[in-house]
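Following the hints, position chain F against chain X.
Chain order of the listed sequences is X and F.
All letters in the first sequence, in the order written, are residues 130 to 539 by the numbering used here.
All letters in the second sequence, in the order written, are residues 130 to 539 by the numbering used here.
Hint data in this document are derived by calculation from the structure and do not stem from the laboratory.
A few of these clues could be false.
Note: identical chains are not told apart, hence a pair may lie in one copy or across any two.
[Claimed, not checked] Below, computed lysine-lysine pairings styled on DSSO-like, alpha-carbon distance capped at 27 Å: (1) Lys244 <-> Lys323; (2) Lys383 <-> Lys401; (3) Lys426 <-> Lys494; (4) Lys383 <-> Lys397; (5) Lys175 <-> Lys286; (6) Lys323 <-> Lys299; (7) Lys223 <-> Lys394; (8) Lys175 <-> Lys337; (9) Lys233 <-> Lys494; (10) Lys512 <-> Lys286; (11) Lys244 <-> Lys309.
Chain residues, written in single-letter form:
Protein chains: 2
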Amino acid sequence: MQAEIITIGDELLIGQVVDTNSAWLGQMLNKHNIRIRRINSISDNKEEIFSQLTDCLQRSELIIITGGLGPTRDDITKNTLVEYFKMGWRVDEKVMEQLQAFYKSRGRTMFEVNKMQAHLPDGCITLINEWGTAPGMWFNIGEKVVISMPGVPYEMKNIFEFKALPLLVKTFSQPRLYHKTIVTINVPESLLAKNIEDIEDSLPVYIKLAYLPNWNMVRLRLTGTQQGDSDIISEVNAIADRIAERVGEDVVAKEDLNMAEIVFKALKGKNKTLGLAESCTGGYISHQITLIPGASKVFVGSVISYSNSVKHHQLGVDTTLFETVGAVSEQVVEQMALGVRQRLQTDYAIAVSGIAGPEGGSEEKPVGTVVIGVCSATETVVKTYHFIGDRMNVIGRSSNMALDMLRRMI
Amino acid sequence: MQAEIITIGDELLIGQVVDTNSAWLGQMLNKHNIRIRRINSISDNKEEIFSQLTDCLQRSELIIITGGLGPTRDDITKNTLVEYFKMGWRVDEKVMEQLQAFYKSRGRTMFEVNKMQAHLPDGCITLINEWGTAPGMWFNIGEKVVISMPGVPYEMKNIFEFKALPLLVKTFSQPRLYHKTIVTINVPESLLAKNIEDIEDSLPVYIKLAYLPNWNMVRLRLTGTQQGDSDIISEVNAIADRIAERVGEDVVAKEDLNMAEIVFKALKGKNKTLGLAESCTGGYISHQITLIPGASKVFVGSVISYSNSVKHHQLGVDTTLFETVGAVSEQVVEQMALGVRQRLQTDYAIAVSGIAGPEGGSEEKPVGTVVIGVCSATETVVKTYHFIGDRMNVIGRSSNMALDMLRRMI
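In isolation and in its complexed conformation, chain X is listed as follows (with noise of 0.2 Å):
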C-alpha cells in the first residue's frame, strides 16, 4: 500500500512557507507502517489540483491533502473536491454547534463564511477540528481513501492524529516497516562510509542503509521491510549494534534524537543541571533545550552575553581581556563558564563565543571562528573551531558541537 501527500498553497511554491506539515505526516505514517511514495506540493488552482488527483489516484491507495480549506476566498479546496468527486452539500449540524460555541467563547461574532464551515461535501466522514473552524474530511473513493485537512500546523497534527490515524489503521493493514537511526558527530560522511563499508556491503537486499548530514552530524538509518514471520526488528538492531560498536565514542545516540535532547537525557539521569552563557548562538542552544516538555528539570537558565558589557557585569568577565585577546577567545569563553556556572549555581554549564557572519570576521578570526567552554565543578575544557557555512549553519554547528562537549564530560 502506497500513500501520497498533496500540499496546496501557492506560498508553498513562492517559499514564503515551509511544508512542515509534509514531515510530519511523514513520521507518523511512516510509525504505522505506512510508506509515503511522494509529496506533492500545487498551487491554489482548480485544475492543478484536477490534474494532481488524477495521478494519485492512478498511484496509490491513500491521498492526504492539506492547506486550502480556510474561510477566505483564496481557499478552495471543498469546492474543488466537490466538484471532482461529483458530490452534493449537506450542513453538518455537529460542527454548526461546535463552531457556535467557538465564537461565543471568544467573543466574537459568527459572520456567513465562518458558518460556511459547517458546509461539508454529502459523500465524507467529518474529522472534527479540536482547535480550529474548518474540519477535516474523509473520503472514501472505491478502495482507496483521500483525507483533507487545514493546512495550519497544529490544527492538522490533531485532526490526523486522534481523528483520521485510528480510522487509517483500521482501514489498512501493513506489513511491518522498521527504521532504526544511529546517530554520529564529527565524522565526515565518506569517512563513515569507509569505516562500516564491510557491513554495508553484507547487508541483505530488504534492509536499506541512508546517511543523513547535517550540521557536523550524521544519521545513519537502516530501514527493514519485514520478510513473512522473519524477527525483522532484532535483525535490524544487530546490525545497529554493528555499526555503533565500529564507529566507537563518536556515536551519540542509538534512536533518532537531536544534540539537546541527547544532553536533556543525560543531565536528567544523573539528576544534574545545566546553565548556558551563549553569545554567538544567541539563544539557540536554550531554545532547543527548552523546546523539550519538561526541560525545567535540568535547565536552570541562562545569560545571554551579546555585548561585552553583559559579558562583563553578568558573568564577571575581565574586561581587559577583551582589550588583549578579543571576545572571541579562550580566556573569555572559560570565564563565561565558570561565571555563569557559579552565578546561576548549576552543575555544569556551557559557553560559546565567535563570528556567525556574514561579517563581524578578520585575518586572524574569519566568520565561523567558534570558541565553546564546558565546565563542571571539577574541570573545565574549552576549544576553538572553526566552521563554514552560512549564519544559521554557524549557530547550528556551534549549538552540536557545544552540546556534544558537554556529552563527553558527563
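Same frame as chain X, now just chain F:
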C-alpha cells in the same frame, strides 16, 4: 514558462528531514519572475526518478533537482541522470583540483569515493560547489533545462545563487510577476477578510490576494501579473496601501518581514537597545533577533530565567511573589522586565513568563497562559494572554505578541 522542483530522498518522505530547500528555491525563482508549478518529493529510487522526470519534462521548461549527490551508496541521482539522458562520463579536472585542495586543507585523506565527485556526465555544464565536494550539474535538454544540485542546504544555496541563477536569468526572460505582502497581527483571518471585502471584490483578474495565517499573525499577499506595458508595481502597491489604511495599526509591516525583523528595524532606526528576560520562551525570542545579521547594533543580551532562583538572583524578582501570586503573574513579569532593563542597561526590555505545556497547567492558569511585559525608561505595560496550540505554538505566539507589544511602545 513554468518550473518544477524535484527533491530526492527517503528522509523527506519519512519525515526525518524537513524540506527547506524548496521554499528557498521558490523565493529565489519568484524574485526572478519564474513561477514554480509543483514541488515533488520522491524516493531515492531509479524508477521513481525516471517517472518523475518524464512527468516534469512534459509539463515544465525548467526542472531543478536537489539531493542524492553525496559520496555514499544511497546517493544515486548522478548515475540515474546519466542513464536517463543516455550520456557518457568525463572527469572534470577543475573539480578534481578543487577536491584535492579541499581535502589537503582539512588534512583528510581523499578516498576513491571522494574522487568520484569529479566524474560527471559528459553532457552537463559543471556548477562548482564552493562549500562542499559534490558539484552541481546543468543539462540542456532541447529547449528545456534540468539542474541537479546536492541536498545540503548551504551548499545548494551557494551553487544556485552564484552559479545557476546567473545562467538561468540569461536563458529565460519572463513576464513580470510582482508580489507585495502586508503583515498584520492579532486580527483573525475571517475578520480581516470581512473588513476588506469590498477591496477584494474589486480586484482585477490579474491580481490575486492570499491570506497566510501563522502564530497570531496574518500575511496578506497580493500577486500581480504584468499585462502588456502596464505598471503592475504601482497598481499592486496602490491596492496594498488601501488595505493597509483600512486595517490600521494592526498592520505591522508593508513588506514580508517577521516580528523580530520589524522590531530590529524600529530600534535601529531610533538607535535604541534591547534586553530580554525570557522564561517560557526559553531563548526563542533572542534567537529570532540574533538570526538577523548585525543584531548586536540593538541587541545587548538576555537573561533566560527558567528557574525561580535565576528570576530572583539575576533579575531581582521578590521571592515572596512566587508563593503569593506565582511565577506566571503580572507582578513577577513586571519585575523581570524592570530588572533586566536595569541590569543590562538597555533602552527597552521584554519579559515573558508562562506555561508552554503540555504539562504544568492548572485550573486557574491553564497551559497557554502567558504573561508578557515590555518597558522603557518611562513606561511599563504588562498583559496576560491565553494561547492555544502545542508547546512550539505557545512559544511562537508569545514571541510574536511580545515583539508586537514592544513595537507599539516604540
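Hints, verified against the model:
Taking the shortest Cα distances, lysine 244 and lysine 323 sit within 27 Å of each other only across copies (13 Å), while inside one copy they are farther apart (61 Å). In this assembly of identical chains, lysine 383 and lysine 401 lie within 27 Å of each other by CA distance solely inside one copy; the values are 22 Å within and 48 Å between copies. Taking the shortest alpha-carbon separations for lysine 426 and lysine 494, only the inter-copy value of 20 Å comes in at or below 27 Å, while the best intra-copy value is 37 Å. Taking identical chains as interchangeable, the C-alpha atoms of lysine 383 and lysine 397 lie at most 27 Å apart only when both belong to the same chain, with a minimum of 18 Å there against 46 Å between chains.
Proximity of lysine 175 and lysine 286 under a CA criterion of 27 Å is satisfied intra-copy only: 25 Å inside one chain copy versus 32 Å between copies. In the homo-oligomer, the alpha carbons of lysine 323 and lysine 299 never lie at most 27 Å apart, since the shortest distance is 44 Å inside one protomer and 42 Å across protomers. For the identical chains of this complex, lysine 223 and lysine 394 are neighbours neither inside a copy (43 Å) nor across copies (47 Å), given an alpha-carbon limit of 27 Å. Proximity of lysine 175 to lysine 337 under the C-alpha cut-off of 27 Å is restricted to the inter-copy arrangement: shortest distance 15 Å between copies versus 39 Å within a copy.
For the homomeric pair lysine 233 and lysine 494, the shortest alpha-carbon distance between copies (21 Å) is at most 27 Å, but the shortest distance inside one copy (59 Å) is not. For the identical chains of this complex, lysine 512 and lysine 286 are neighbours neither inside a copy (41 Å) nor across copies (29 Å), given an alpha-carbon limit of 27 Å. In this assembly of identical chains, the alpha carbons of lysine 244 and lysine 309 never lie at most 27 Å apart, being 46 Å within a copy and 30 Å across copies at closest.
Of the hints listed earlier, those the structure fails to meet are numbers 6, 7, 10, 11, in rising order.
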